[in-house]
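> Using the hints, position chain B against chain A.
Protein chains in written order, with the working numbering: chain A, 1 to 326; chain B, 1 to 326.
Think of the hints as simulated: they come from the structure by calculation, not from any bench.
Taking beta-carbon pairs under 10 Å as the criterion, some of the chain B residues facing chain A (in silico):
no., residue
1, T102
2, E145
3, G185
4, Y214
5, T227
6, T231
7, Y243
Since we're looking at a predicted model, the values are computed, not measured.
Backbone N, C-alpha and C define an ideal beta-carbon position, used for all residues, glycine too.
Number of protein chains: 2
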Amino acid sequence: MEPGIVRIAVDLLGGDDAPAVVVDGALRAVRADPDLHALLVGPPEAVGELTATLDPAERARIAIRPAERGDHATARANSTVGAAVNAVRDGTADALVSAGSTGATVTAAALGLGRWPDVRQPALAATLPGVNGPVVLLDVGGSLEPRPATLARHATLGAAYAAVTHGLESPRVGLLSIGTEPGKGDRARRLADPILATASLPCAACYVGLVEGYDVASGARADVVVTDGFTGNVLLKAIEGAYALTGGPPADGRAPRAAALLGVAGTVVVCHGAAHGRDIASGVALAAHLARRGAADQVRALLSDIGAEAPTDRYDRITDTEVRTS
Amino acid sequence: MEPGIVRIAVDLLGGDDAPAVVVDGALRAVRADPDLHALLVGPPEAVGELTATLDPAERARIAIRPAERGDHATARANSTVGAAVNAVRDGTADALVSAGSTGATVTAAALGLGRWPDVRQPALAATLPGVNGPVVLLDVGGSLEPRPATLARHATLGAAYAAVTHGLESPRVGLLSIGTEPGKGDRARRLADPILATASLPCAACYVGLVEGYDVASGARADVVVTDGFTGNVLLKAIEGAYALTGGPPADGRAPRAAALLGVAGTVVVCHGAAHGRDIASGVALAAHLARRGAADQVRALLSDIGAEAPTDRYDRITDTEVRTS
Numbered sequence: 001m002e003p004g005i006v007r008i009a010v011d012l013l014g015g016d017d018a019p020a021v022v023v024d025g026a027l028r029a030v031r032a033d034p035d036l037h038a039l040l041v042g043p044p045e046a047v048g049e050l051t052a053t054l055d056p057a058e059r060a061r062i063a064i065r066p067a068e069r070g071d072h073a074t075a076r077a078n079s080t081v082g083a084a085v086n087a088v089r090d091g092t093a094d095a096l097v098s099a100g101s102t103g104a105t106v107t108a109a110a111l112g113l114g115r116w117p118d119v120r121q122p123a124l125a126a127t128l129p130g131v132n133g134p135v136v137l138l139d140v141g142g143s144l145e146p147r148p149a150t151l152a153r154h155a156t157l158g159a160a161y162a163a164v165t166h167g168l169e170s171p172r173v174g175l176l177s178i179g180t181e182p183g184k185g186d187r188a189r190r191l192a193d194p195i196l197a198t199a200s201l202p203c204a205a206c207y208v209g210l211v212e213g214y215d216v217a218s219g220a221r222a223d224v225v226v227t228d229g230f231t232g233n234v235l236l237k238a239i240e241g242a243y244a245l246t247g248g249p250p251a252d253g254r255a256p257r258a259a260a261l262l263g264v265a266g267t268v269v270v271c272h273g274a275a276h277g278r279d280i281a282s283g284v285a286l287a288a289h290l291a292r293r294g295a296a297d298q299v300r301a302l303l304s305d306i307g308a309e310a311p312t313d314r315y316d317r318i319t320d321t322e323v324r325t326s
Numbered sequence: 001m002e003p004g005i006v007r008i009a010v011d012l013l014g015g016d017d018a019p020a021v022v023v024d025g026a027l028r029a030v031r032a033d034p035d036l037h038a039l040l041v042g043p044p045e046a047v048g049e050l051t052a053t054l055d056p057a058e059r060a061r062i063a064i065r066p067a068e069r070g071d072h073a074t075a076r077a078n079s080t081v082g083a084a085v086n087a088v089r090d091g092t093a094d095a096l097v098s099a100g101s102t103g104a105t106v107t108a109a110a111l112g113l114g115r116w117p118d119v120r121q122p123a124l125a126a127t128l129p130g131v132n133g134p135v136v137l138l139d140v141g142g143s144l145e146p147r148p149a150t151l152a153r154h155a156t157l158g159a160a161y162a163a164v165t166h167g168l169e170s171p172r173v174g175l176l177s178i179g180t181e182p183g184k185g186d187r188a189r190r191l192a193d194p195i196l197a198t199a200s201l202p203c204a205a206c207y208v209g210l211v212e213g214y215d216v217a218s219g220a221r222a223d224v225v226v227t228d229g230f231t232g233n234v235l236l237k238a239i240e241g242a243y244a245l246t247g248g249p250p251a252d253g254r255a256p257r258a259a260a261l262l263g264v265a266g267t268v269v270v271c272h273g274a275a276h277g278r279d280i281a282s283g284v285a286l287a288a289h290l291a292r293r294g295a296a297d298q299v300r301a302l303l304s305d306i307g308a309e310a311p312t313d314r315y316d317r318i319t320d321t322e323v324r325t326s
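Next comes chain A alone, as it looks inside the complex (with noise of 0.2 Å):
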């Protein structure tokens, strides 16, 4: 456990057992974090006497923000997770969490927190357990049919995540086709595999090229694996499903289900809508990982590192400028 008190907001209205599970979750990780303050955003009647099993010490690291239900499909910053996003804004939370609907909560944290200027799309990023370690797979689900120059833009943000949120160093990042030769895969791997490949990437990370299905389960060849939000999110849940009827691997026995969203001013986390309480306790867990050791900020400044201008369409070679401190 990671010292250091955090303050996560947890969007009481996201998910499809919620608020029930959502509850459940943010007790689980209040009890099993001494430094975790939970800020639940909802309506107060979803919390009613849930926290009655915890005892004073633990009820007092959790605070209720009182947030309509508003229309979450649009991210009203009314909605419990635009309310979430403002506690974010505002300095009440370090992170926020929510197993809502993903396109409301990206849409909310870009809108609420603003995007990094050479983002033209956040990304998701989940991490696999794989053979010989973590796997960040990106993007899960927020761009579904990203631009190539997006796609590259999201091999920098998954090669800083796994530098500074798993330690990895020179991490190896591959493009997600279906072969290894160059020119395998549909028109959009075959446009972004040159911008790829001339690519500035941090953290002296190296592209390996295109990487195959099995390459996201085993990790072998690729540390870092980058695709459409589309593709991700369904070969996620395909892996889950694989590891729900196997036992799952042995470090770890399940798919995560949660993912941090890279690309906006904050630490925000999303959970699988059918998250359960674990889920959400584990997506908790690491909002306040990342949330300690500034990842988002961190990761921003490895971004500058390599310059702040995101590959393009026109196959710009991105130069190096000077360096930041981050």
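For chain B alone, coordinates are given in the frame of chain A:
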């Protein structure tokens, strides 16, 4: 083991480790099935003394059709896969198996055997072990960027294939997406969903709507899962990778490394490029199974039953026509 002499043409030069693993796989198949005859298509020197380990009766069931390497990528008729296609067309073989380039095999089969008139793009169908039985996933590599009408057509192919090959009654057909609510997914799914909802499916199949990644591994919500060849290919390999890490599902232990090509006038099985001997053997066994029951003709007849006209981008409702006997 189904009775009946069956003759399978095997592309000796297809696959990463050809011809060694191809010959090995063909010999395994011949040993396992006393009524199976293998026609090895390629340079005779590639076979050499490898058949020496067989007893005379087994050796008598192996023939060689000399063929040059040719330009595999362009599937010239004088390539080994082209020669294997010719063997099926001239009646020397009942089916063919290749672990070579999927594109080259599909092209050679479409040109040499002909496509069904109402199939714009043939589909590769793989069968995975699900919790409640087999799950047919298609396309797994044939059409990387299919039109919505092609996805709908593949749904009819998959439903008929599931009924004919796996004996599934009223198969449940799902369209792979990132959520189950209508409207979830990228443009291709949003367009294909309403076409599928009104499409006439064979074998009393029912369209269950959008399904997610875990449904491919579990089969809990659909027996047939339709997607584009890019997503299907990475998905199949990701599940294969997950099973490789965990020992696989109790049922079988591994994901399939052979797929049936649907939509061409003949029986064609495509094996994984990285196929091992036992993968080739299972591909040959699949080809024998399909050929013995005349699966291709049965599927074709079932499609005719629901009207020769494929769903079109004009959202035409398919109308039933006179039923052909299959």
